[in-house]
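With the hints as a guide, dock the two chains, each given alone in a separate frame, to form the complex.
The primary structure of each chain is shown beneath.
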Amino acid sequence: MDSSNDDALDIIITNVVATFRTRCHLNLRTIALEGTNVIYKPEVGKVLMKLRKPKITASIWSSGKIICTGATSEDDAKVGARRLARCLQKLGFKVRFSAFKVVNVLAVCSMPFSIHLVDFTKNNRPIASYEPELHPAATYRIKHLKATIQVFSTGSLTVTGPNVQNVATAVEQVYPLLFECRKPLREKRKVN
Amino acid sequence: MSSRTCHTCGGTDIDVDQARGSAVCTSCGSVLEDNIIVSEVQFVEGSGGVSSAVGQFVSADGPVKAPQLGSGFHTSVGKESRAQTLQSGKRQIQQLGSQLQLNQHCLDTAFNFFKMVVSKHLTRGRKMEHVIAACLYLVCRTEGTPHMLLDLSDLLQVNVYILGKTFLLLARELCINAPAIDPCLYIPRFAHMLDFGTKTHDVSMTALRLVQRMKRDWMHTGRRPSGLCGAALLVAARMHTFRRTVKDVISVVKVCQTTLRKRLTEFEETPTSQLTIDEFMRVDLEQECDPPSFTAGQHKTKMQQLEHELTRKLDEVEGEISCYKNEIETELEKSRPKLRGIYAAYAREINPEDTEVLSSASDLEEVESEEAELQAATQHLTQDFLCQVMEEEVGQDRKTDGVRQKMGPEVEGGGALRQVAPLATILGKLTTTAPFDLQQTFDPSPEDDETERGVLDLDGIDDQEIEKYILNDREVQVKTELWMIQNAEYLQEQREKDERIRKEKEQGTYKEKKKKKSKKGEQVEALTAGEAIEKMLEKKKISRKINYDVLRDLNSRGGGSSPAHPPNTCAAHPPNTNTDAQQKLNRRRQRRSSGVNHELAANASIMGKRFHLLISTTTKKKKRVESQVQNPVTMTTTTTKAVAETSHDPEPHPTSSSSTAVPPTVEAEEEEEAEEEECVSALQLVGDYGCEEEEVF
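Protein sequences appear in the order of chains A and B. The first sequence lines up with residues 1 to 192 when you count with our numbering. The second sequence lines up with residues 1 to 697 when you count with our numbering.
Chain B on its own, in the form it takes in the complex (with noise of 0.2 Å):
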């Protein structure tokens, strides 16, 4: 062993006993080790008389260690945690890697790219599952396995799209480029599971060089890779003379009916769906076709092409049709439908705004350039009308509102709503496309001023449309009941929660509910950094082994309490019992700890010599050290009733603390000294201060 050097006295000469696995110090005494560790192989003898070597093989991966070590998790020990969480994630991948038939090469580069996953901190935030799935995933990429991202969360019961936000996410971080995914990877796969026999082979060729042509005619790029093999599969399938049906391929492929179908339509629509099988197997036609949702487009840019000539021709007609509008408008307005309510107010509305359009006198430059706008833009509104008459008579029941804007943007159809909602759109269309914007009509300078004070600017809003939005108050009254109808039930929930909150506050019980659990329990409450520390460490009941004092000697005069040494110490100390300021500080304690009290017991005796020992060495005074608990131990009865009654007072003062302790414990100490000298028995201590022994060094 190397020489070392005594922590206490610094002496030099230290015995190292082997048998006993201990170093002592032989000037001071002082224990520097216990349980030497030896290096030594020892061996064992087993059943039938074999002989084996002791001990554990450890794993290359990082340190496992043991929890029995002692040393808390709290400290910043991350490497524990971090080596918890490699361990954990390698369990989970060789779990879900097995199920998907992974060699352990690809198990392995899955584990390496959760490694580095780790080491980057993105599973922060993240289900273990999804970014154990996702490194799978992307190893199966990589590697160019036929696993689909659909199989991974078919296993774990995930969205799909979930995993794949994640997969997307640690690809980018990791700066790791999947290749694309080929369809032709997933067709040995699909075809061995739809059970063709000894023809699987020929099946999947057949399979392979359709999705090759699929490819050249352009039908896989933007779909689901998986819906390309299950047509090929049908399609080969039936030129081998099998008969799939596309239940079973679906079952296999993980598609929809309908998606299969589309795909084998728009195969259909490829000049290689004309050639026979025999000719499809030996030649390859050059041509290739354009996507089919490219082709949709075309038809309906087609369409509209047609729409335009129309609307040339319809421009011609204008003039007749402006005047059948006037009679239709005529019409219309006879026939309108009384509106009631909001709608009445909102209809009076509508007409006076139309008047202003149409009139050129109005005040609101708003409505000023709204004219202009629809003045200049006459030829974009029949151009825009149509468009829109395509949709909505492709979408639904507009029809006759269709036929009406035809005519003009000035017509008021029969639901005035109905008007105004298109109205809007076209104005709204208008401000994208056409030369002047709303923007003229607002002054650019007052807004920077507004902004800054934070007042509207009221320029061009118009307060009548505003009033619109707001209801009168029997429409108010209205609307109010229509509420409560129709929110009663929570509402009711509502009103239960007040009540249950209430009836707490009253019993005294009422708990804010937390919202964060903290996990450390009660706060603990402590002045200096050093006491924070010492209450924690014995709260959690560390170690024996260290040497409190020391501690609290380092942090100076705080008023800490030592914490784990009670336990020492209590059991030796009748003669150093301390009252101070303290007692206050046990009392706390007392209650915390009172679990703890058959453990303490136990280890009063090896307290025992231990405390003489730490006593010999320490010429502090100073300190108090809380004893805890301990003194149930020695002296049950009498303590706590002592102890019940006395533990009140010092209740509130707890930490109020070490500023006004420092005097009392001036005095204390003077008291202590004395104490110690005289040995006073425990019991008589008790009895003057009602409290538990403390310690003084």
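The shape of chain A in the complex, shown without the other chains (with noise of 0.2 Å):
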């Protein structure tokens, strides 16, 4: 029985949550106004800007609070923080950049087999959670890593976590766990 092969695993991360700060006051009608690629909502009362390299949406508000979600790697999430602040700049605030802090990091990642959720949520009682009626994967949470996976009866996993690292050690933990539960593979039926 194999362990965690995280080699023979690909695990994708497909967003990256950070937030920052500018440590500012923002004027939000002159970003609206002067930049481009920005949406206004004034009655949120924060800036949308999206940049497209790395390709990043992020949350501006005026007190100079900014979340960007949208990039596929913790450091092109500061890339592209810096990147926005840089822009910020030149617009005219003074802008400092401080306070990076990655927050959420999502990632897919896809087993081989399949998975009977029912057994999985048995044999994992309280850690594991499965609701057909409300969502159709068990939601299985990991407390010391803060990281919750999702476990689709197809073989393909859900990971969110605070950063990167705890996102793969998630992985690693539970691959034991679904491959107990795996449905042993028959011949591949014809598809209509």
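Source of the hints: derived by calculation from the structure; they are not laboratory data. No experiment lies behind these values; they were computed from the predicted model shown.
Pairwise CB distance ranges, derived in the manner of DEER restraints:
no. : chain 1 : residue 1 : chain 2 : residue 2 : range
1   : B       : LEU275    : A       : ARG182    : 25 to 31 Å
2   : A       : THR158    : B       : THR198    : 47 to 53 Å
3   : B       : LYS300    : A       : ARG182    : 18 to 24 Å
4   : B       : GLY508    : A       : LYS143    : 53 to 59 Å
5   : B       : ASN472    : A       : THR158    : 42 to 48 Å
6   : B       : GLY197    : A       : LYS143    : 51 to 57 Å
7   : B       : LYS497    : A       : ARG141    : 42 to 48 Å
8   : A       : ARG141    : B       : LEU275    : 39 to 45 Å
9   : B       : ARG238    : A       : GLY45     : 56 to 62 Å
10  : A       : GLU43     : B       : GLY508    : 28 to 34 Å
11  : B       : LYS497    : A       : ILE12     : 45 to 51 Å
12  : A       : ARG141    : B       : GLN87     : 32 to 38 Å
13  : B       : ARG238    : A       : ARG182    : 34 to 40 Å
Where a beta carbon is used, it is the ideal one built from N, C-alpha and C, also for glycine.
Put into structure tokens, the structure is as follows:
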């Protein structure tokens, strides 16, 4: 039985969310009027700014707090954040780049076998929960890593955690449990 | 009665009068108890000569205190609130449970769950309905009743996912492992609703077998059980020659038509579907199938494999393609549409970037690394492109782009914009899969310092590109106009709001919109804790039984005015009025308590008696009890005017108070004493001080 095959299993990071502060008050109207690729939402009180490279969407609040989403790696997120700060600087605000923190990382992974969710939930009672009426996947929460893994019956996994390392560890942890409840593959049926 | 000691004099000789129900100390005369509760059973004769015992049953679920007990809800009698919560919860559970036709045992269990939830403070911040529904659903799951979360949400008209969230949370917090839902549980219920008459049982059994078969064929993982039941019932009905249309079934089972059809199709693909009815009833096939979504995935991988083969062939032909590519490029250059405005600037930028990418001479490290990445990863790229092609073809309108992309990374297609987006995604992918990242280009060390100082590290940030993000003046104008037009409504609202606020300010009626509504109302101004308590008690008009003088004494010489006593004292007061700083407090009080006058008047007589007792007992001359309103009762006309006049003066001082009040009070004390002995009439005093009386002890 294989235990964690990190090289065999492809963990693809699809989204990285990061926040940082500019330590200065930002005038949203100025940003909205003078920037390209911006959407101003006055009811909510924020500006959405999209960068092309790296592909990032940032929510900018007037207090100077900024949330960047859409990056594909932690470094990408940092580059994007810095670029954004530079852009704001050029618009005329006294921007300082501080308190950059990656808040959430979302990754997908696929097992080469399908999984029997009911058994999986039974074996891992309080940590795993499965409500078919609500969501087709079983949720497995690892408290000490602060990671959540959603397990689908096809064998694909969605992992969210505070950083990439945690995500990888989470997958490694859950792999043996999933392997136990795998569904043995029968001969492939012809696809109609 | 157990012998108690008197609170005031310490005497042990207490006379308990059963008739009047009072306990009085014989040495000092203070009333220790009023309305003594006797523990006797009394009988009353009802209509028809039937005698019944007087009394009420108190439920075992906690004290159900009647609100007239007189104790306020302000003190830490949290038990009362808790009992109320439990009571109301029980009521709601009964109500909801009866609608679901749950038996009493289930309802009791649900109530137990609810009690646990309340004790763990999980009801905070959640609607009571949701919590109740979640408790009921927990019971349904543990007991295995055929109730769905959907039923509950139907009854409550709440989104089922919200209920689900609450349910999951409660289950986790209470560590209750609800067993997984078995679709077989729902079959009898739905069969009943589908009205099969005498053959309901047979149909149910057939449907059950079908569901079990489906389970073995892996159709049930990750699916709503109701969908499976619907499909099974439909087939079972047809098998028993009942004509039930899809519409009938979905109205009972509450799934969408598409879902039902899909389940049926999936079932059709299993080998079991090939059996005839008789065979199915007799035989059970051994083999199991893969889940349908898994087979769909397999299909995809197969397609991808085909693509792989294609790419291999493609590599062989690459050389040929590259010259085609060059030709096409030149063609496109000629036919490229002219881009205006920002896009023009953007297009111009693209070309230099491209040339930088192509040429090796570039200043920016970033671009260099990109180039290196690109060069090293061409093989990866072709594969990625193909995958992208797959997605795009499946998706939308990028077919032409896909073709171009196959040519190579440097191809510039028609719309420059469209190109860059895919380019960026490709590069994005590379950063995760390729061995070298952009990380190499940035120095990790200076970042540490900078983050502390907050200065922006400009390494690797292409200023030119950033410039693109900022519009020039004319563009700003255009955008401003557009934005104004677009958000005209919002701006209008803002302007109106500002005007409204300005007008109100001028009128002096402007009130800051309070976000939090304080139920307590006005803030009580007080210097010491004791004063605050007294004022509050007075406002609430709580108890006549509290000896506020003693309360005050406890807090030493605080500036407090005792609230509730005014009623007592005022009535009898002519002799005892004080002037002093208390007036100020009076004034304020007076205003507030104007409504209470009537009551006080009525109580005056009773108070009078009490007052005498109190006076005799207390030796303290000090304090000022605020007499409030009282006065109006005794001296209406004269006082009001006088009061009104003087009311303004003391106002400024309200509680600024005790400190300043102390010296005056010292003087006042002496005055008080003097007055007491003089027995000055109220009117006189009013004339002197223009205020209501205060008493002194």
